[in-house]
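Student: Protein sequences, first through last, are from chains A and B. Residue numbers for the first sequence follow full-length UniProt numbering, beginning at 1 and rising by one. Residue numbers for the second sequence follow full-length UniProt numbering, beginning at 1 and rising by one.
These are computed hints drawn from the structure, not numbers from a lab. Each residue gets a CB set at the ideal place from its N, CA and C atoms; glycine is no exception. Keep in mind that the hints are not guaranteed to be accurate.
Below, a list of computed lysine-lysine pairs in the DSS-like style, where the Cα atoms sit at most 30 Å apart [to be verified]:
| hint | chain 1 | residue 1 | chain 2 | residue 2 |
| --- | --- | --- | --- | --- |
| 1 | A | 158 | B | 210 |
| 2 | B | 209 | A | 158 |
| 3 | B | 210 | A | 96 |
| 4 | A | 158 | A | 96 |
| 5 | B | 209 | A | 96 |
Beyond 12 Å from chain B on every Cβ pair, some chain A residues (computed) [unchecked claim]:
| hint | residue |
| --- | --- |
| 6 | 53 |
| 7 | 56 |
| 8 | 86 |
| 9 | 93 |
| 10 | 175 |
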Amino acid sequence: MTSVLYDVPGPRARRRALIASIITGIALAGALAWVIVTLTGEGLFDADRWDVFRDPVVWGALGGALLVTLQVAAIASVLAVLLGSVFALLRLSRLKVVRVPTTVVLEFLRGMPVLLMMFFILIMFATSQYWAVVMGLALYNGAIIGEALRAGIVALPKGQREAGLALGMTPLLTRLLVEFPQAFRAMTPIIVAQLVVLLKDSSLGYIVGLEELVRRQRTLAEFYGFSQYGFSFFVITLFAFLIVNLVLSMLARRLASRDPAGRASRRAARKTTGENADTTAIASIRTRRSEAQPPVAPPSDHGGGDGGN
Amino acid sequence: MQFLIESGDVLLEGFLSTLRMLALTVLLAVPLGILLAAMRISPVPTLRWVSAGFTELLRNTPLTLVFFLLVFVLPRLGVIVDFQISAIAALTLYTAPFYAEAIRSGINSVPSGQAEAARSLGLTFGQTASLVIIPQAIRTVVPPLINVTIALTKNTSVAGGFLVFELFASSRRLANNYADETIAIFLVVAACYLAITIPLGRLADQLEKKVAVLR
Numbered sequence: 001m002t003s004v005l006y007d008v009p010g011p012r013a014r015r016r017a018l019i020a021s022i023i024t025g026i027a028l029a030g031a032l033a034w035v036i037v038t039l040t041g042e043g044l045f046d047a048d049r050w051d052v053f054r055d056p057v058v059w060g061a062l063g064g065a066l067l068v069t070l071q072v073a074a075i076a077s078v079l080a081v082l083l084g085s086v087f088a089l090l091r092l093s094r095l096k097v098v099r100v101p102t103t104v105v106l107e108f109l110r111g112m113p114v115l116l117m118m119f120f121i122l123i124m125f126a127t128s129q130y131w132a133v134v135m136g137l138a139l140y141n142g143a144i145i146g147e148a149l150r151a152g153i154v155a156l157p158k159g160q161r162e163a164g165l166a167l168g169m170t171p172l173l174t175r176l177l178v179e180f181p182q183a184f185r186a187m188t189p190i191i192v193a194q195l196v197v198l199l200k201d202s203s204l205g206y207i208v209g210l211e212e213l214v215r216r217q218r219t220l221a222e223f224y225g226f227s228q229y230g231f232s233f234f235v236i237t238l239f240a241f242l243i244v245n246l247v248l249s250m251l252a253r254r255l256a257s258r259d260p261a262g263r264a265s266r267r268a269a270r271k272t273t274g275e276n277a278d279t280t281a282i283a284s285i286r287t288r289r290s291e292a293q294p295p296v297a298p299p300s301d302h303g304g305g306d307g308g309n
Numbered sequence: 001m002q003f004l005i006e007s008g009d010v011l012l013e014g015f016l017s018t019l020r021m022l023a024l025t026v027l028l029a030v031p032l033g034i035l036l037a038a039m040r041i042s043p044v045p046t047l048r049w050v051s052a053g054f055t056e057l058l059r060n061t062p063l064t065l066v067f068f069l070l071v072f073v074l075p076r077l078g079v080i081v082d083f084q085i086s087a088i089a090a091l092t093l094y095t096a097p098f099y100a101e102a103i104r105s106g107i108n109s110v111p112s113g114q115a116e117a118a119r120s121l122g123l124t125f126g127q128t129a130s131l132v133i134i135p136q137a138i139r140t141v142v143p144p145l146i147n148v149t150i151a152l153t154k155n156t157s158v159a160g161g162f163l164v165f166e167l168f169a170s171s172r173r174l175a176n177n178y179a180d181e182t183i184a185i186f187l188v189v190a191a192c193y194l195a196i197t198i199p200l201g202r203l204a205d206q207l208e209k210k211v212a213v214l215r
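Chain A with its partners taken away, still in its complex shape (with noise of 0.2 Å):
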């Protein structure tokens, strides 16, 4: 917080600012409360709203329409790190040959929409729904984990790489042995926030037909009659997504305050912000170099990570 921007308040202030959040709170309480009436007035929490799910089956279903989620989410995740390495890889390649092809296509999966990938992926090469969704979401978020961890490797001191040269190591073994695993350690939270994106992302998949989470419950709400239950399985699934997903963001704090790698990545994990992997990359980046070299231009990446795409 920066409290830097007032003082620490006097009594004035403090009648002030407590004047301010009760008058915020009594419009936020009354905001509810219109809220509240108004739903009960539509008999949305009258118990003939939410009878289906006394039935185990009702959850049955839920349960396994949010594992598929999951699951796709899984397999999109490690895929999209391996694919991620290797076009990292790629990207710094001495060969031009290599680079600018990769370059090239890196720029063409960052800049589309996920939805067109997974659309496309389906009907082109005549997948499965769940197989275009996940790759879609592996190719998409493994270029923009690729970039990230591109912008790590060259982000680390020069002496890194002329020290791994200097033992004799050849240039490729370098960059495996010694440059990339710091790189994906600093990297860490920004490349696990970018899979907290992709588990969104992967509700995209409700377009493409896929019966996950979001697709179920519609499906069962028109089952059994979308205007009566249409809000209760609405309010059923975003709870269930906010929950996984507040978890999983809770684990990428865990995860970033425990890096031993360093402050760089701690720092990086508290700025970053969810959606623009991207921008905090660069941030954490700057913040490292300045403390060893004067500031010079941060690596070019751009994209934003997506949220939703």
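Position chain B against the provided structure of chain A, taking the given hints into account.
Tutor: Chain B alone, transformed into the frame defined by chain A:
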């Protein structure tokens, strides 16, 4: 490339719809983001909590679900508006917290000595914020804001899955009608998105380099 000659107008219409949606969402979401960021750093605790709560809630909800709420659930509760408007509202609600976070991290990037100097000169919170911090923060904030806008551009495609006709929806229609030209359609539509996102990315890079030299 048969589809371009015969149905180029469908594509163009979709592209313009995407651009319109993007522009309107930016116009609405940026002010909302500024408001959220201002609340987040204000001395009033309730405002801080409201802003933090809203941000956490929307950042952990998939965009698809936000769309689902506005397009399918709210109409059942009597809120009936045009799908275009629902889509813009969904995108605005979803994107505003990301703008807010970008702005907030920009504000945090201003060295604390600046605020301390302003405070020691006797400037109030309002003066410190508006005359010292924000003018400096804006510089560092612009590249991340552009990055959020790039993400938003890609997110507009979700509207295509919720009854709005835009670029993604037009590509679906074309892919249906010209089954043997799917690859060409895909490349053309992807190029349309890239025509927005890549120049924006380049702009962000340029600004980033400029800022890095300044500080």
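Student: Any of the earlier hints contradicted here, and which numbers?
Tutor: No numbers; nothing is violated.
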